[in-house]
Amino acid sequence: MSQTNQTQQNRKAVLITGATSGIGLALAQTLAAQDYLVIVNSRSEASCKAVAESIGGVALPFDVTDEMALKMAFKTLNSYLRDHHLNLYGLAHCAGSMITQPFHFTNASVIQQMLNEHVTGAFLLSQWSSKLMMREQQGAITLMSSVVAQQGSIGQVAYSSAKAAIEGMIKSLSKELGQYGIRVNAVAPGVIDTPLLTELSDEKRNEIAQSTVLKRLGQPEDIAKVLAFLLSDQAGFMTGQTLAVNGGLQLP
Amino acid sequence: MTNNERLVATFVTSLNIEANQVVDELEYNTISQWDSVAHMVLVAALEKEFDVMLDMDEIIEMSSVKIAKEILAKHDVVF
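Quick note, the sequences are listed as chains W and B, same order. Taking the UniProt record's numbering, the leading residue of the first sequence gets 1, the next gets one more, and so forth. Taking the UniProt record's numbering, the leading residue of the second sequence gets 1, the next gets one more, and so forth.
Derived by calculation from the structure, the hints in this document are not laboratory data. This list has only true hints and no planted wrong ones.
Have a look at the derived ranges for each label pair, beta carbon to beta carbon:
1. W:Q179 <-> B:M56: 17 to 27 Å
2. B:D24 <-> W:Q112: 42 to 52 Å
3. B:T2 <-> W:G236: 36 to 46 Å
4. B:T2 <-> W:G178: 35 to 45 Å
5. B:S36 <-> W:A108: 26 to 36 Å
6. W:E199 <-> B:E61: 43 to 53 Å
7. W:G236 <-> B:D55: 29 to 39 Å
8. W:G178 <-> B:H75: 24 to 34 Å
9. B:V23 <-> W:G152: 49 to 59 Å
Simulated pairs of lysine-lysine, BS3-like, Cα-Cα distance not exceeding 25 Å:
10. B:K69 <-> W:K75
11. B:K69 <-> W:K71
12. W:K71 <-> W:K49
13. B:K74 <-> W:K75
14. B:K74 <-> B:K48
15. W:K215 <-> W:K204
16. B:K48 <-> W:K75
17. B:K48 <-> B:K66
18. W:K71 <-> B:K74
19. W:K171 <-> W:K225
20. B:K69 <-> B:K48
21. B:K48 <-> W:K71
22. W:K215 <-> W:K225
23. W:K75 <-> W:K49
24. W:K49 <-> W:K225
No residue lacks a Cβ here, since even glycine has one placed at the ideal position from N, Cα and C.
Could you put the whole structure together from the sequences, leaning on the hints where they help?
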């Protein structure tokens, strides 16, 4: 875990998974600009260090689907926070892939991967993070749902199942953690122009854009701003909520 | 302060009980103050006081003052 500057004390520390690309990166940049101390996570140590250096954050690379690696990372994080007289204030779990396959072409390993990344990852991250947040009896957790959790989408049975689980998770989690001053919310993005969309043709992207009320794809910053709001004191009386941020998208 | 005194003080603060109640035989869920909600407050406070991170299995296992000491001992906290 590398430190990239010496002026971190008194800043709110927020762990962001998947912070080196797409929505996670946009959130890392947004929060850093608001003077949070961003703990930058992804699987790639080099990418974590590069992003951490660029925003004055701290790199903490680990794979969210590896329970042992996750546990060791939190022990490292605990030591870092202790040494710098900091507490963990926030968690934003943005890591995770999306697999699009027709239902009958989807192996059991695919749904297992989706559940590991999105559900088990969120569960364990929330468990370890909230334990750190309880020390100060305050904190905020944001998890990522998706427009497909509510609307469904052809070819995304596994992905939408995992994302729907997140919406159930935040409702129960908010009830358990509220008594410790910890809020739990989710954002359900529509189709966002991130590396997850690289496989889509320009024609398909345009078709999706035209399916929104606002006639455009979302940008990572559109989601990052809402996540930053949910993590902030401005959302201090919000918990157990999923905010749809999709430009009015209606999926077929 | 000895580690035992720190442990007693942490139990007192976290569970809002008297110091003389913090004996090895005190068990989880045998007094109203040590319920599941307070248990996690206690765990967080012990972790902070002794600078450890307990595993989920240890949190579940920590069902008495005596066992709390045994678990902390595994993390090199000497009583």
